[in-house]
Amino acid sequence: MNWDLSTAKPPVVVDTTLRDGSHAHRHQYTVEEARAIAQALDEAGVYAIEVSHGDGLGGSSLQYGFSRTDEMELIRAVRETVRRAKVAALLLPGIGTRKELKEAVEAGIQMVRIATQCTEADISEQHFGMAKEMGLEAVGFLMMSHMRPPEFLAEQARLMESYGADVVYIVDSAGAMLPEDAYARVKALKEALSRAKVGFHAHNNLGLAIGNTLAALAAGADWVDATLRGYGAGAGNAPLEVLAAVLDKAGLNPGLDVFKLLDAAEYVMGPILHFQPYPDRDSVAIGYAGVYSTFLLHAKRIGKELGVDPLAILLELGRRQAVAGQEDWILRVALELKEKEAGALAD
Amino acid sequence: MSERVKVAILGSGNIGTDLMYKLLKNPGHMELVAVVGIDPKSEGLARARALGLEASHEGIAYILERPEIKIVFDATSAKAHLRHAKLLREAGKIAIDLTPAARGPYVVPPVNLKEHLDKDNVNLITCGGQATIPLVYAVHRVAPVRYAEMVSTVASRSAGPGTRQNIDEFTFTTARGLEAIGGAKKGKAIIILNPAEPPIIMTNTVRCIPEDEGFDREAVVASVRAMEREVQAYVPGYRLKADPVFERLPTPWGERTVVSMLLEVEGAGDYLPKYAGNLDIMTASARRVGEVFAQHLLGKPVEEVVA
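Read top to bottom, the protein sequences are chains A and B. Here the first sequence is numbered in this note's numbering, starting from 1 and rising by one per residue. Here the second sequence is numbered in this note's numbering, starting from 1 and rising by one per residue.
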């Protein structure tokens with residue numbers, strides 16, 4: 001691995017506090033919070049602000065948690081607030097559909113990020129088709145990318161590029177990658193794609209969100225994601241204010257105002273946070289076992305209700321190769337573990 | 001030998017072939033006479049021929065020339081079925097549609113099939129619909145359902161190109177089925193493809209929010225378990241992991257009691273692998289629908305239907 005950042009370019013920085021952060025916020029964002037966050041981000045110079053339910057458009061459900069505020073309302077509020085930044089939404093085919101995508105466009109998004117499990121890119125063709133038809137910037141997300149090797153991911157990225165993706169991301173949904181994993185995957189996409197840019201989305205479950213983002217930049221990543229205070233699923237994402245300071249020191253600042261972001265993190269985001277995500281016991285387990293970061297709060301809740309250790313639930317989900325969006329397996333596994341424990345006691 | 005109704009399968013792909021094996025294994029009041037495709041090199045047609053069935057690659061024309069065939073299972077594609085539906089109706093045949101075309105009413109055997117025995121075209125919704133609508137209906141009949149949500153996880157390998165290119169249609173159609181047949185005021189459907197190796201069997205989670213908080217939990221459990229047995233009569237690998245679980249969860253209607261049902265569907269392995277419960281439940285349901293129609297055509301009372 002080449003740790004030399006001298007060939008790296010200042011990246012396009014996308015903030016996803018109002019999307020990935022929605023997981024940590026249990027999908028309880030209000031219009032006022034969305035406006036305050038969007039305004040601070042816009043003034044600090046981020047390229048785009050992603051806003052939607054944590055699991056993407058249409059994610060409001062028993063499976064993932066209902067949104068307190070209709071995401072279309074949040075999108076409208078953000079669009080009205082921003083002056084420079086683009087407004088984006090996430091869409092997971094299988095959860096959201098072209099119907100919600102169309103509504104989101106009417107509400108004001110200019111970019112859609114279309115996410116599939118990293119093995120299933122071919123379910124996104126109709127969504128990319130519609131995104132391009134509607135004139136959106138279209139970004140592909142290969143979720144849980146730690147589960148497959150670089151060459152495999154390159155094939156999937158090529159599919160997304162062929163459907164019209166302008167950018168394809170390596171998404172470390174489980175926060176399971178080491179810097180060398182991030183580097184090799186980004187590098188493979190850089191070599192495989194002819195037209196599309198390459199992005200990287202980090203989670204901090206192993207404390208490596210910033211480190212992995214730098215490794216991705218060293219490998220040539222064009223786009224990177226971050227959130228204020230790292231507010232996101234699991235142990236959160238690369239904290240935007242930290243990333244801005246680091247990029248600035250590395251001579252790679254794409255025009256972010258570091259001190260405005262430090263203020264935004266402290267004075268805007270600070271009072272909004274339900275909690276400060278960090279690599280706690282169960283979050284490290286997520287990164288270690290390689291399971292979806294959003295399982296964290298669901299596993300904590302169900303574990304508490306059923307008297308089963310969330311860590312045991314998460315490790316078992318990793319063993320079963322659960323993928324993005326499979327929150328319903330948490331209850332399934334917890335019930336099995338509980339039954340097993342009861343059986344062991346009876347013996 | 002008892003009286004039987006002659007049936008044919010249109011479509012010689014995976015689904016048509018699995019259905020062929022089911023109809024041969026358990027013909028009931030049906031006699032499978034022909035399997036028809038459009039590709040002369042189709043493996044399904046070769047298998048049909050080897051089993052002594054008529055096999056043609058001339059497509060629907062072959063079936064239209066055969067007045068003795070009364071019931072046709074269409075396992076082609078939505079686009080093809082739109083054309084087939086008209087031709088089959090004009091030829092006086094009953095179409096059992098396994099595609100997403102939905103020209104005829106949706107049917108779920110233990111819920112609403114008897115209402116539609118006068119129709120000449122019925123549709124099997126989606127695999128997720130066949131798996132989860134019976135459970136929503138089972139809750140609804142004892143505790144009317146405000147909101148029903150299903151999450152279907154199927155093995156990546158069991159999802160063919162048709163499903164992959166039209167994944168939105170799965171969610172639309174299944175959600176509509178939860179409402180129209182399951183009885184829920186609002187339905188939501190989610191599908192996830194899981195690439196684990198070895199492949200996982202189909203798992204479904206069905207969650208219902210009853211209208212009224214004061215519903216009878218024991219009645220819900222009994223109704224759901226009774227429904228499980230009814231579906232098992234024609235899909236042997238259909239099973240709940242546990243009794244319904246009652247959880248208190250925040251919802252748009254305040255904190256509510258949610259009925260969660262954890263379902264697995266393992267395939268019979270007639271032709272398709274056992275993990276592909278999502279495909280098995282389609283062919284098994286189609287066989288069941290065909291059997292009920294056959295008995296009806298023979299003038300037998302439907303109450304006596306045995307799988």
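Source of the hints: derived by calculation from the structure; they are not laboratory data. Keep in mind it's a predicted model, so treat the numbers as computed, not measured. Think of the CB as a built atom: it goes at the ideal place given N, C-alpha and C, for glycine as much as any other residue. It is possible that part of the hints are untrue.
[As the list claims (entries may be wrong)] Just a few of them, taken from the derived set where beta-carbon distance is under 7 Å, the chain A residues facing chain B:
1. Gln-63
2. Glu-80
3. Thr-81
4. Gly-94
5. Thr-97
6. Thr-119
7. Lys-132
8. Val-258
9. Asp-263
10. Gln-321
11. Asp-328
Against the structure, the hints come out as follows:
1. Gln-63: Holds - the Cβ of A:Gln-63 comes within 7 Å of chain B, reaching about 5 Å at its closest.
2. Glu-80: violated (24 Å)
3. Thr-81: With a closest approach of 25 Å, the A:Thr-81 hint is violated.
4. Gly-94: holds (5 Å)
5. Thr-97: Result: holds, 4 Å to nearest chain B Cβ.
6. Thr-119: holds (4 Å)
7. Lys-132: violated (16 Å)
8. Val-258: Hint on A:Val-258: violated, closest Cβ of chain B at ~38 Å, above 7 Å.
9. Asp-263: With a minimum Cβ separation of about 33 Å from chain B (threshold 7 Å), the hint on A:Asp-263 is violated.
10. Gln-321: holds (4 Å)
11. Asp-328: Holds, about 4 Å.
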